[in-house]
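Chains as they are written, first to last, in this note's numbering: chain G, 112 to 372; chain P, 5 to 217; chain X, 7 to 227.
Don't read these hints as lab results, they were simulated from the structure. Warning: the hint list may mix true and false statements.
Unchecked claim - Short derived list, chain G residues pointing at chain P, Cβ under 7 angstroms: (1) L163; (2) G179; (3) H197; (4) H202; (5) M205; (6) F207; (7) W213; (8) H215; (9) S325; (10) V326; (11) H353.
Stated by the list, open to error - Far from chain G, some chain P residues (derived; all Cβ distances over 12 angstroms): (12) W7; (13) H46; (14) V78; (15) I112; (16) G115; (17) M122; (18) G124; (19) T130; (20) I132; (21) I134; (22) P137; (23) S141.
Said to hold, decoys possible - Listed next, the in silico BS3-like pairs over lysine-lysine satisfying Cα-Cα at most 25 angstroms (straight line): (24) K135(P) / K8(P); (25) K227(G) / K247(G); (26) K222(X) / K174(P); (27) K227(G) / K280(G); (28) K227(G) / K8(P); (29) K235(G) / K247(G).
On a predicted model such as this, the values are computed, not experimentally measured, just so you know. Backbone N, C-alpha and C define an ideal beta-carbon position, used for all residues, glycine too.
Each chain, written out:
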Amino acid sequence: MSAISLQGVSKRFGETEVLHGIDLEIPPGEVVCVIGPSGSGKSTLLRCIAFLEEPTAGLISVYGEPLGFALGPDGKRQRLPRARIHAVRSHIGMVFQQFNLWPHMTALGNVSEALKTVRRLPVKEAEARAMAQLEKVGLAHHAGHYPSQLSGGQQQRVAIARALSLDPKIMLFDEPTSSLDPELTGEVLNVMRALAADGMTMVVVSHEIGFAASVGRRIVFLDHGRLLLQGGPQEVFRKPRHPRLDQFLDTYLDRGAAMLL
Amino acid sequence: MSWKLFEVLVQAAGTTAVISLVSISIGLLIGVGVCAAMMHHHPAVGRLGRVYVSFFRGAPLLVQLLLLYNLLPVIGVNLPSVVTAVIGLSLCTGAYQAENLRGGFASIPVGLVEAAEMVGFSPWQTFIRIKAPIAISLTLPAVVNEAIMILKASSLASVVGMVELTETAKNIAASTFRPLESYAAAGLLYLVLNWIVASGGRLGERLLRAGRT
Amino acid sequence: MTFDLSLILSYGPELLLAAAATFGIWAAGSLAAVALGFAIALARRYGGFLVDGPLRLLVEIVRGTPFLVQLFLLYFGGPFIGLSLEPTEAGLLGLSIYGAAYFAEIFRAGLEAVPRSHVESAECLGFTRWQIVRRILVPEMTVLVLPPCVNMFIVLIKETAILSIITVPELTLVITGIGSKYYAFVEALFLLALFYWGLVELASRLGRLLEARLAKLSFAA
Numbered sequence: 112m113s114a115i116s117l118q119g120v121s122k123r124f125g126e127t128e129v130l131h132g133i134d135l136e137i138p139p140g141e142v143v144c145v146i147g148p149s150g151s152g153k154s155t156l157l158r159c160i161a162f163l164e165e166p167t168a169g170l171i172s173v174y175g176e177p178l179g180f181a182l183g184p185d186g187k188r189q190r191l192p193r194a195r196i197h198a199v200r201s202h203i204g205m206v207f208q209q210f211n212l213w214p215h216m217t218a219l220g221n222v223s224e225a226l227k228t229v230r231r232l233p234v235k236e237a238e239a240r241a242m243a244q245l246e247k248v249g250l251a252h253h254a255g256h257y258p259s260q261l262s263g264g265q266q267q268r269v270a271i272a273r274a275l276s277l278d279p280k281i282m283l284f285d286e287p288t289s290s291l292d293p294e295l296t297g298e299v300l301n302v303m304r305a306l307a308a309d310g311m312t313m314v315v316v317s318h319e320i321g322f323a324a325s326v327g328r329r330i331v332f333l334d335h336g337r338l339l340l341q342g343g344p345q346e347v348f349r350k351p352r353h354p355r356l357d358q359f360l361d362t363y364l365d366r367g368a369a370m371l372l
Numbered sequence: 005m006s007w008k009l010f011e012v013l014v015q016a017a018g019t020t021a022v023i024s025l026v027s028i029s030i031g032l033l034i035g036v037g038v039c040a041a042m043m044h045h046h047p048a049v050g051r052l053g054r055v056y057v058s059f060f061r062g063a064p065l066l067v068q069l070l071l072l073y074n075l076l077p078v079i080g081v082n083l084p085s086v087v088t089a090v091i092g093l094s095l096c097t098g099a100y101q102a103e104n105l106r107g108g109f110a111s112i113p114v115g116l117v118e119a120a121e122m123v124g125f126s127p128w129q130t131f132i133r134i135k136a137p138i139a140i141s142l143t144l145p146a147v148v149n150e151a152i153m154i155l156k157a158s159s160l161a162s163v164v165g166m167v168e169l170t171e172t173a174k175n176i177a178a179s180t181f182r183p184l185e186s187y188a189a190a191g192l193l194y195l196v197l198n199w200i201v202a203s204g205g206r207l208g209e210r211l212l213r214a215g216r217t
Numbered sequence: 007m008t009f010d011l012s013l014i015l016s017y018g019p020e021l022l023l024a025a026a027a028t029f030g031i032w033a034a035g036s037l038a039a040v041a042l043g044f045a046i047a048l049a050r051r052y053g054g055f056l057v058d059g060p061l062r063l064l065v066e067i068v069r070g071t072p073f074l075v076q077l078f079l080l081y082f083g084g085p086f087i088g089l090s091l092e093p094t095e096a097g098l099l100g101l102s103i104y105g106a107a108y109f110a111e112i113f114r115a116g117l118e119a120v121p122r123s124h125v126e127s128a129e130c131l132g133f134t135r136w137q138i139v140r141r142i143l144v145p146e147m148t149v150l151v152l153p154p155c156v157n158m159f160i161v162l163i164k165e166t167a168i169l170s171i172i173t174v175p176e177l178t179l180v181i182t183g184i185g186s187k188y189y190a191f192v193e194a195l196f197l198l199a200l201f202y203w204g205l206v207e208l209a210s211r212l213g214r215l216l217e218a219r220l221a222k223l224s225f226a227a
């Protein structure tokens, strides 16, 4: 059974069609890297999987459970009640480009908040579990610091710990290093590498082609809202390449990177 | 100006401070209520809130006070002028505070709310644990500002028969034929009151940020 | 209780005159305030600390004291320093000074918000200070200061009502005068409130329209 299954997912904003009929099956434990030029719909695709955007057509299911919409007996899409959406979403953790840490809580507070408020764990237990997550991302000694006191890389790692605190089966990353200074991306990518090695199912939208090529098990290339290519990194990056992919690597990235691949 | 007269002015300044404090506090409560109305899902409730804010920010405070002062006896309510003044000031500042609070909620980065959604918060939990604390901390400087506005606006309370700082200065000016000193002294006292409030606000902000940076 | 607006409305011509007076005082006062405020902001920026210090003090004093106290000072205290003013003159002067202090702050913040790099590149290219003000600072600042300026214009509309206390013949004085003649205070004040409310709403909407138009030509700051 696929961890994530997308069938014919489309998204329109007003007049503009941002995603055109995306079909994608992601088996458990796979690391999928979504690449493509700006405006290709990568973030929208990820946000649809998180159900932060509602697809205007198509169906998404997580471990067989429909997310947001299900096929009714009449063959049409039916919106599911909020409780069911929440239940399915609880298997998914998300890391945002802007970290989105809550400024009025410490690192420990951010990571333990969901355990306290949503899972209703007693404070001691919630904080113990949160500390364990912070240790995993290497930030246990910053537990009492507020986001404003942490660097970008540290904030993002706290955000990852927060997403992991609820033991999700799937982790989504929306351009996790795009807001970071170059010297801080390494610490975040290393945490993601460790997660992948642990067998987490991950969908990563990123411009870090090096990461995609080395850690990604599957590369998905999106262009103008369409899924143009997918396959293992060797397949996708091997020359001769799809002309659009070549154009993308040449234009959007350092020529050096394009040549190295 | 003799010290005795200055003492009288200082006492009047105290009155001004007290009615301002009371009005700000009541105004805060009104502001929370009206803001809640403005953000309510029912369109009629929202409209009511917006009309309230529009009226009390649109009509001059002087006219509002005069209207209140003349309207109450007509509908059979007789209140001491202090109470009328406080009601008038509270209603007015309530509108501004409601708008400030609404702005506070509106400027919460949407990503913070999405993060809460993703970890499974219900809308109510998101409101209590995330939105409200952040909105309040964003609005605090505006509340301090409003306090200073009310201190100055209280000078209009004299038109509803209340004797506060400006009215006292006017009386002293009339009886001593020294308007320059009287009003200058009153002005000075207003500046002192404002400085106290502003300093308190800065202290409050510093305490709020304690340990955060 | 009778609520008869027709009595007040029957004073049509007087009301129109008073409204025109209010508008005139507001317009003249606002214009003077903007000009003076801008002059103060420039003086503070370029005049060195001997100019900046005292001006800053004056601005803080005017912004920190009630408008009514300032009016009383001008109108009742003026004669003692040789400044004998009619109510309207005092009102106009008071409004201009009051507004100028607030506009000075708005423009000061606006000038500072223009990125240093834009000014420095102009300096490198040999622009004179006056040219920088005219060709760089003012255009870039306009988009930034427009909302607070519109807000201040609206505040000044409301402040004109206070002029009635020193018997300036504007709308508040005239309508309350009619009201007191016929003991129809509530009707009079109700009408007055509606008038200002409507005016303020109109001005706010126009302001938002203007801001939207200008935002299209905004310079990225």
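Cross-check of the supplied hints:
no.	hint	in the structure
1	L163	holds, 6 angstroms
2	G179	violated, 13 angstroms
3	H197	holds, 6 angstroms
4	H202	violated, 11 angstroms
5	M205	holds, 4 angstroms
6	F207	holds, 6 angstroms
7	W213	holds, 6 angstroms
8	H215	holds, 5 angstroms
9	S325	violated, 27 angstroms
10	V326	violated, 23 angstroms
11	H353	violated, 33 angstroms
12	W7	holds, 49 angstroms
13	H46	holds, 20 angstroms
14	V78	holds, 48 angstroms
15	I112	violated, 10 angstroms
16	G115	violated, 4 angstroms
17	M122	violated, 4 angstroms
18	G124	violated, 4 angstroms
19	T130	violated, 9 angstroms
20	I132	violated, 9 angstroms
21	I134	violated, 6 angstroms
22	P137	violated, 5 angstroms
23	S141	violated, 7 angstroms
24	K135(P) / K8(P)	violated, 52 angstroms
25	K227(G) / K247(G)	holds, 20 angstroms
26	K222(X) / K174(P)	violated, 50 angstroms
27	K227(G) / K280(G)	holds, 20 angstroms
28	K227(G) / K8(P)	violated, 61 angstroms
29	K235(G) / K247(G)	holds, 19 angstroms
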